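Sequence lines, in order, name chains Y and H.
Following the numbering used here, the numbering of the first sequence begins with 300 at its first residue and continues without gaps.
Following the numbering used here, the numbering of the second sequence begins with 17 at its first residue and continues without gaps.
Derived from the structure by calculation, the hints contain no laboratory data.
Any given hint could be a false lead.
[As the list claims (entries may be wrong)] Heads up, simulated DSS-like pairs for lysine-lysine below, C-alpha to C-alpha not over 27 Å straight-line:
hint, chain 1, residue 1, chain 2, residue 2
1, H, K78, H, K94
2, H, K332, Y, K380
3, H, K418, H, K366
4, Y, K1265, H, K412
5, Y, K421, Y, K575
6, Y, K1265, H, K419
7, Y, K373, H, K324
8, Y, K1034, Y, K1006
9, H, K321, Y, K380
10, H, K366, Y, K1265
Source: prediction; values computed, not measured.
So the chains spell out like this:
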Amino acid sequence: MNNKKYWKSLGELNNNDEFIKQSKNEFTEQLPIGNFLGKESLADTKTPRRDFLKFLGFSVTAASLAACETPVRKTVPYLIKPEEITVGIANWYASTYDDGNDFCNILVKTREGRPIKIEGNKLSSFSGGGTNARVQASVLSLYDNERLQGPLKDGKATDWKQIDSDLIAKLEAANAAGNGIRILSSTITSPSLNALIAEFTAKYPTTKLVTYDAISYAGIRKANQKTFGAAVIPTYNFSNANVIVSFGADFLGNWVSPIQFARQYGKSRKLSKDKKEMSKHFQFESILSLSGANADVRVGVKPSQIGAGVVNLYNAIATKAGAATLSAGKVPFDKSIAKAADALWANQGKSIVICGSNDSHIQTVVNGINYLLHNYDKTIDIVNHLNLGKGDDAEFSTLIDEMKGGKVGVLMMHNCNPVYTSPKALEFEAALAKVGTSVSFNISKDETADKCKYVCPNHHYLESWGDASPQVNSFALIQPTIYPLFNTRAIGESLLAWMKGSGNYQDYIKSVWQKSMFTMQNTEPFFENFWEKCLHDGIFETSPRLAEPLAWSYDLTADAADVANEKGSELEITFYQKMGIGNGNQANNPWLQEMPDPISKTTWDNYITMSPKEMERRGYNIIHEKEEKMSTVNLTVNGVTFQNVPVFPQPGQPEGTIGLALGYGRTKAGKVANNIGVNAYSYMGKNADGLLSYYATKVSIADSAEKYMIVTTQTHQTLMGRNMVKETTFSEYLKDPKAGNETVMLSLANGHEHKKVPAHTVDLWATEDKPGFARPGLQWSMGIDLNVCIGCGNCVVACQSENNVAVVGKDEVRMNREMHWIRIDRYYSSSMTKEKGELENKGIIETYHEMEVPEENPQVVFQPLMCMHCNHAPCETVCPVIATTHSNEGLNHMTYNRCVGTKYCANNCPYKVRRFNWFKYFENKQFDFNMNNDLGKMVLNPDVTVRSRGVMEKCSMCIQRIQEGKLTAKKEGREIRDGEFETACAQSCPTNAITFGNIADSNSKVAKMKEDERSYYMLEELGVKPSVFYQVKVRNIEESLS
Amino acid sequence: MQTNNKVFTFCFKPLVILAAFLLLRPVSLYSQDAAAGQKLFKNNCAACHTLTDAKLVGPGLKDVASKVPQPAEEWLIKWIKNSQALVKSGDSYAVKIFEEYNKSVMPSQALSDDEIKSILAYIANPEAVGGGAAKPKEAAKPADSTAPAASNPNTTLYFLLGLIILFLILIGVLSGVKKSMQRMVNNQAGLPEPEPVTYNWDYCKHWLRNNKKIVAVVLILLSGYLSKAAWDGMMGIGVYQGYAPEQPIFFSHKIHAGENGISCVYCHSGVEKSKISNVPSANVCMNCHKGIQEGTVTGKTEIAKIYKALDYDPDKQTYGPNPQPIKWVKVHQLPEHAYYNHAQHVTVGKIECQTCHGPVEKMDTLRQFSPLTMGWCVDCHRKTEVKMAGNPYYDKMHEELKKTYGNKPITVSMMGGIECGKCHY
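This is chain Y alone, in the form it adopts within the complex (with noise of 0.2 Å):
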C-alpha cells in the first residue's frame, strides 16, 4: 500500500485551522458576485427570485413575438457618390504620421471614407513600412471625443472671423510695440510650415521660432555642432553595423527615430542560410529599457555613471588607435567596457556607438569614439543627416526668461503642451500669465490650451494637408483622408489668415513643392505629374549627397573634465518613456494606455521600477499578484514631491536607481488619461550643460503607508525550464545550424519497452485528414523570428485596430480578462536550472521556486503569441456546439453566433489565447471607451464582426484579409500572389520579424521560412499541429546558455 501523502498546499500539509474552515466551503475563494452582477445595488435588489422568473419568461415570450415583425431599417445611399468610392472597398492613402515626436511614413485605409487603419508605406525607405504602437493607435485620437470641436476665446466657443480680427489686431500691436512675437513649437520638419513662418517673420519682424521639444536631443545637436560645426542629428545606419554599443539609448523604443532604427537593427539581426551573421548589441543602462531587453550583453549602470562609461571606452579605443587618452574616473563595469572595445576595434567603419545623455560634454566623447572608429560616412552620417529632435533647450529657457520679464507680446505654441512637459522649475505655467496674447494651436483642450487666451484647434494629421522631411533627402507629404470632423482649421490656414487675410494651406504646400522639391529631380518633366506621383506614394526621395571626409580637430579634455566633475548619489532616477504613451501627446487614446508595456507588462499605470532585491532591503512588497497591492513611496526629486507613487519590481535594475516614466500623470488630457500616475516632467530639472536631463540624483523616498494596485498581464516572469522559446548563441550556431533546436523526442509505449521518437512523428489524432477531406492547396501559415521580434507591441495594436479589439479598462485586466488577440510574453532568465538544482541537491519544490525568480540582471525573450491555428486543435473538440471549427485551409475558426460561452475550448487551449466577451463592451456606461461613443465608434472595421458579451473570441489570422485577397485574385483571373495580403501584425512589423503566407506553395516567403533549421512548433511533443512557427533566439554572445 502506498502511503505517500499528497497535499495541495501548506495549508492543507499544516492542518492549520484557516484550511480546515476554507476546506468546508465548496468554493475557497470568495466567488466574484459583485463583478458578475456588475452594479452592487444588484445584490441587494427586492425582487425575489420568482418574480424575475417571471419577469424573464415574460421577456423571452415578448421577444420572441417581437422578433416576428421584420424590423424596419433604412439605407441611405450617397445623394452624390464621390466617383473614387465604391461602397464596400477600402481607400488607400499614402500619408505620414509626424507629431514632433515620432516620425512614419504611413498609409491610411479608409472606408466610406472614414480612416480606419494605418499601415506602414512600404516605399519609403526611411522607415521600411514599419510602425510603431503609437502610430498606429494615432488613428483612434482622430475621433477622439474630447478634442476641440471649434476655436476657443477665453475658454468660451467663438468663430473664425472673430478669432482672425483679434488676432490680426493683436499682432500688429504687439509687432508696432516692438513686444516679441514667438512661435513655439516641438520639432518642424515640414518644408512648407518653415517657409509659411519665414514668410510669417516677414510680416511680423519681431516673431521668432522656438523649438523646444518634450523629448530633447539637444546635447548631440550641441555636441556636433562642436566637434564637426553642424548641429545636427546624424542619420545612423544600424543595419551595417556589426557591434552596436548603446549607453542609455533606448533607439529600439524611443530615441529619436526608432522605427527607422528597428527596421535596420531587424535587418542587422537577420539570419538564414543566405546570411549568417548578426550584430553584436551592447547596452549600457539604468532602467531595463526595450534595446537594453534585446542587447546581447546588457550592463546595468547608474544613470550619472554613464558619462564615466563613455570616457572609459574612449580611452580604451585611443589605446588601441595609439590616441592621446582623457582622464577618467574608475567604473565598475570597466570589463565590459574592455570587451565592447574589443567588438568595436575589430569593427571599425562597421559599428556605431550611441548614448541617451542630453549632455554635449558626453556626446562630444562619444562622436571622438566613433570617429576614431571611422565610423563617420559608413554608419554615421552627418552631412545627410535628420531633421528630427530639433528642440533647443537654451532657447527654450531664454523665452521663458522673456515671458517672465514681459517682453512677449503674443506666443503662439503648436503641436507643444509645455504647462504639462516643462519642468517645474522652469516656472513655465507662471510666465505663460505674464504673456500679452497666448494662443494655442492643440487639437484638445490640454494643459497649455486651458490656460491660452484663444485655441485655433489644428486638424488632426489625418484631416490636413501637409508635408514633412525627416532627413535631408527624404520628403513625405501629409493628405488629408476624412473631411475635417468638426470646426477646426490648419495651422498653415490661420497663419495665412493672419498674413494676408485668407489663403490655401494646399496651395501653398504645393508652391513650396514646385519651387524646391521639383527642382530636385528630373525624372519628371511636368510638376503636376511630379506631384500626382508624390501624392500616391506619400514620398520623394533623393540620391544622399556625397559627403566630404570629415576632419577632427575638437579636444575633448575639457568635455572629459566636465563629465569627471559629474557627481552620483545614493539614489538615482531615470526618466523614461514607455512604448505606449510615448511622450504623452496621445495619453488620451485607450488602446495606448491598454496595451501592456513590453517589459513590465503592467497596464494603465505609472509607477517606480527598482531593483527587487532593493525593494526586499526596504521592505516592500515585491509579490506582484492578481490580488496583491503594491507599495507606494513619496517620491521628492529636485525638491518636487509627490505622494505615494507605487513602486514596482524590475529585475535588470541596478541598485541605487530607480526609473518612471514620462507622459503620465496628465490632468487636461480627457477622461481616459486624466489622474493617471504622476507628472515626471515636473521632477526633471537641467544638467551641467544647462540642457534638460532625464536622470536625476537629488533624489529621496519616503515610506508611504498606501497600498496601490497594479496590473499587469503576465505574472509569471520565467519560463521554469519549460521550452516554449528555444535559443542558443551566435557561435553555437555557426557550428550548427540546428543548435537550441533539439527535435522534441517523445516515448512511445511499444508493448513492454519505451521507445523514443520525434514528437512530430506522434499525433493527437489520426494523421491522415478524414476521407473525403480536401484540402485546396492553400494552407495559411504564419512564421515568427525571435531572434528579429524586439517585443514593441505594435502588432498588438495593430491587431486591436484591425480586429475590433474591445478596451475592458484596469479593472478587468486584473481578472485576466483583457481582450488582445495577440499578445507578447516576456520571459527573464532565472539562475536557476532543473539540472543546477539536482546538482545542489536542492528539492524539486525549492528548484521551482527559485526557478520563478528572475536573475538580478536578466536575460530577456520575447515571444508574440496568437492562436496557433492547429491543425490538430485541441479547443475543436471540446465544443459542444461546434462553434470552433477547422478550414480546409488551415484555420481555426471561430463561429461567434454559435458561441454559447461554455468556455470549454479556452480551458482546453494549451496556448491560453482565447478570449472570453465577459461582458458587452460596447453602448455599455461601464465601459467608456471608444466603442461607447458614436465617434469613436467611426474606428471600427466593417469587415469584422463586433463580438457582443458571452461568446468566445481569438485570433482569425485575419481572415477578413485573406477572404478579400482571395477575392481580388478570382477577380482579376489569376493565382494568388505571396505576399499580396499580410495579417495586420506581420504588415507593420518594424522588424519584419512575422511572416504570413501560403506554406503550401513551396516557393511562398513562409514555405522557406519553415525549411531553415531555426523554425520549431511551439509545444510540439503535444502533437496539435499548429500553423504557426517560431524561430530560435540567437545571442550573439561567447558564453554558453547553459
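Position chain H against the provided structure of chain Y, taking the given hints into account.
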C-alpha cells in the same frame, strides 16, 4: 382541390386569353414604325427633348411637324442628321432655333432616314405606342369581370366550402331517407320504433372508450400536425420572405429593369466589385431623370422627390444648397454576423441576379424573393458547381482537389464553401 383548380384553369384561362386577344387586336395592328421609333427616341432623343411642349435642353417636340418649315419630314431629316450644316446654309428657321437656345449645338445623330421617320411617327402619335405596352392589363379587365381569375385561391376556398355544404346537405338528406326507410321497414315487420339515439356526453365517452384505436390515431395525427405547425412557426421567425415594404419613392424595377431594359449593374454598380450591391446614389438617377421629368405611371410626383432630395430645380437646372438624403427601407436584411459578398457570386460565380432576387424586372414594389436563411445558402453551396473553367485562380487548386474527388464536378461545398468561417467572422 388541385383537380378543381385544374378544371377552372382548363375552362377559364382560354376564355381570358381569348378576351384579351380580342380586345388587344386593334392596338396590335398599329404601325411597327412608331414602336421602333419609341425605342430610338428613348435612346437618342429623350435626354434633351420631351414629347410635350416642355423645354428640356432642347425644345419640346409636341406637334413638331407643324412648326418646322414644310415639307416637315425632309427638313427634320436634314436637321437631325446635321443641324450645323443647316444653320450654316442660312436656313432662317434653323438659325432662329439655334439663336433661341443660346447657340447650343444639337449633336448630329447617326440615324438612317427610315429610323428618323419612325421617330417622327412616334412623336406624332406617342399615345398609340405607349398604350401598346401599358394597355393589355386594362384590356384584360372586362374579361376579369365575366370570368373569375382561375388561380385566385379565395375563389377556390369558397368553391370548396360550397362543396362541403353540399355534401353535408346530401348526408342530411340521405340519413333522413335512411331513417324513414328504416321506419317503413320496421312498420312493415311490426317492430317497435327504434329508440332515438341521444348524442350526449355519456354517449361520447362510451364511444371514445369503445374506439380506442381511432382515438389514438386521431390524437397522433393531431399532435403531429401541431408539432409541425409549431416548428414551421418557429423556423419562420426572422425569415422575411415576401417582405415588400413601401419605399419613400415609388421606384418601380418593373419599369426600369423590365420595360426599359436597363441593366441591373447600371445602377447597382458596386455589385461586380464589392461585397455590397449599393443602392444607387441620386446622381445616378439624374443621369436619366435630368431629361425624363415625367414618368408613365406616376407622372411628375415621384421623380420630383429625387429633385427634392438633391434640391434640384428642373426649370433652372441648378442644384440648391439643401440636399436631403433619401432614406430607403432595406428589403434584404442579412444578419450582421453573416458575411456575404456580391462580387464573389456575380463576378466570380457568374450567378444571375434573379437567382436570388427573383424576377425583379417584373416587380413594381421590390419584394424579398428568397428566404435568405442559412439553410438556403448552404443548400445552394451544396448544389452549385464552381465555375473553374477559364479562371486561372482555380487551376492549381483544381489539381489538388482532383486528388480527393477525381473528375467529379466540384461544388462550392467540396471546396470548403460551407465552413463556418467562410461567412462568419
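Problem - Violations among the numbered hints - result: Checked against the structure, the only hint that fails is number 8, while the rest are satisfied.
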